[in-house]
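J.: The lines below spell out each chain.
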Amino acid sequence: MLNTMLLRRISNPEKIIRCDPITANTIYRTNTTTTLIQIINSSDSDITIALSIWCISRICRSSEVAAGLIKQDLPTTLIRKGLTGGFKSSCLSSWCLGILALTDQLAEILAARGVVNASVDHLRRITVSDVFGTEDKCAALYVIARIARSIALAKSLVKAGCVPLIVHHLSTSEEPQILHWGARAIGCLMRPNASDIAKILLNAGSAKALARIPRILPVQEVDPMVSFAFTIQRFSVAEWGAGTRKTLVDDGVVDSLLSVLRASVDVPDPRLQIELALAVSFLCDVGGLSIRKEIVRAGGIEILQRVSAAGTPEVARPCNLAVTSITGNLWTRNAGM
Amino acid sequence: MMPQREVESICHLLLQVSLGSVVMVRGLTQSVVAASFSSTYSSTSPRMSSIHESVSDAQHTISGIQQDPSTTTGMMVSLVSLRRLIVANVSLILLFSSVKSNPILLVGALHAEVTEGRKNDVIDDYLHRAQLLCSQSDKEAQRLVTAGIVPTVILLLRARALDASGLETALITLGMLAYA
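Same order as they appear, the protein sequences are chains A and B. Quick note: the first sequence, position 331, residue 331 per this note's numbering, numbers continuous. Quick note: the second sequence, position 43, residue 1043 per this note's numbering, numbers continuous.
Hints listed in this document are in silico derivations from the structure and should not be mistaken for laboratory results.
Here are the computed lysine-lysine pairs in the DSBU-like style, where the Cα-Cα straight-line distance is at most 35 Å:
id, chain 1, residue 1, chain 2, residue 2
1, A, Lys159, A, Lys246
2, B, Lys1139, A, Lys71
3, A, Lys81, A, Lys159
4, B, Lys1119, A, Lys81
5, A, Lys159, A, Lys71
6, A, Lys81, A, Lys71
Computed beta-carbon distance windows for the label pairs:
id, chain 1, residue 1, chain 2, residue 2, range
7, A, Pro218, B, Leu1162, 44 to 54 Å
8, B, Leu1155, A, Gln105, 29 to 39 Å
9, B, Leu1155, A, Thr84, 28 to 38 Å
Every value quoted in this text rests on a predicted model; they were computed, and no experiment measured them. Glycine included, each C-beta is placed from N, C-alpha and C at the ideal position.
Make the full structure from the sequences, and use the hints.
T.: Structure representation (structure tokens):
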């Protein structure tokens, strides 16, 4: 039971960044990671391998440590032994591979070690089988979201066939965490000027799947809702034209966005309102003429003003920015940014 | 966590004396609860189950007495000598509880056991205590690190990696410390 409790903690990777890394660096400098990797390589017990990977994940909190771990050939060990091993070790290997991708450069190195294909194959194996649980699916989606740090890497992930798998999880699951990581993965695949990837994602039905999130989850599930807003932002910046935005309106994403925004007034977490208001603002920016009309017609301005009035100054700022984006002309919109 | 013998003897005494000295027993209740918590915490180890049983027996008796103090009359005289023993055990409990809450002593004891004593069950007990401290607060974990627990745990990890027994406890402790 203790083990399960400890293994669960890793599913909050933000904590890895928040903590003071001094102890972790001490453990790394004494060359303990070599011992841990040797244990992974030599052990047959699922729990021992899983705990070693768990330790390494908790030690890996800076890009120097991650680079050192990659040099010690940890990715190959994780791909060969971890991902193909038992339930616990394959799940933690996924998290660990994602955690290693701390910078764009490290993600490139990981891709050169075959992580792209391995992660997509892993996601495929988890998707087709019924035996894997929520944690396994989240971990498999997390590694894809983390590796997609540049357009080239995103393209190789798309080429390896990750899009239909992610969209499948996003459109069939009802688990908040799976929807959270699924939406993140879709968003992370897109960057500015990635209109071809955006098109592939839209053709695979990702907009419909995204619009489904606010319909099946309560607004109190902050993580999936923030990821939903994040992905809309990424869709908006991927293409400056109107094509993507039109599909988003047609698939009901805008209606979902406004309904979450209206309900978010009661949620105490300001992250949610900020990300949602930014999503509206991004949608209405350059190229969003048709969407601006749609949002005005749906009462978006009143909703934004209500959220702005109820929230703190840090919430009010993006809300006002969004109102400016909807109502202003080209020049005032840019001044608002 | 205190050694099994001590807990067992204390619980045994409690069972015997509890009928005679309500006040004393009330004072000890807290320690028994603490011991019970420690043994529940490491209930995966089979040798702790007997402690757990005696603790729950003692707790049961104590709660019965607290509800019905009339059963305690007339038995005080014959139990004076046992009371003395209990007082001795109370000071023992206090001693052990000070070890439990003091990271520096714990790290010293762990280091001595890893380098010299090498009794695996004692080492595991110390590691469980360290985990308990880590799970209580980050500050306690940092105190353990300042007291120098990391090199000892790494030493233990390397020693246990060879024969692959007891690795889990060492790995969990190391992972918990990495967040401090």
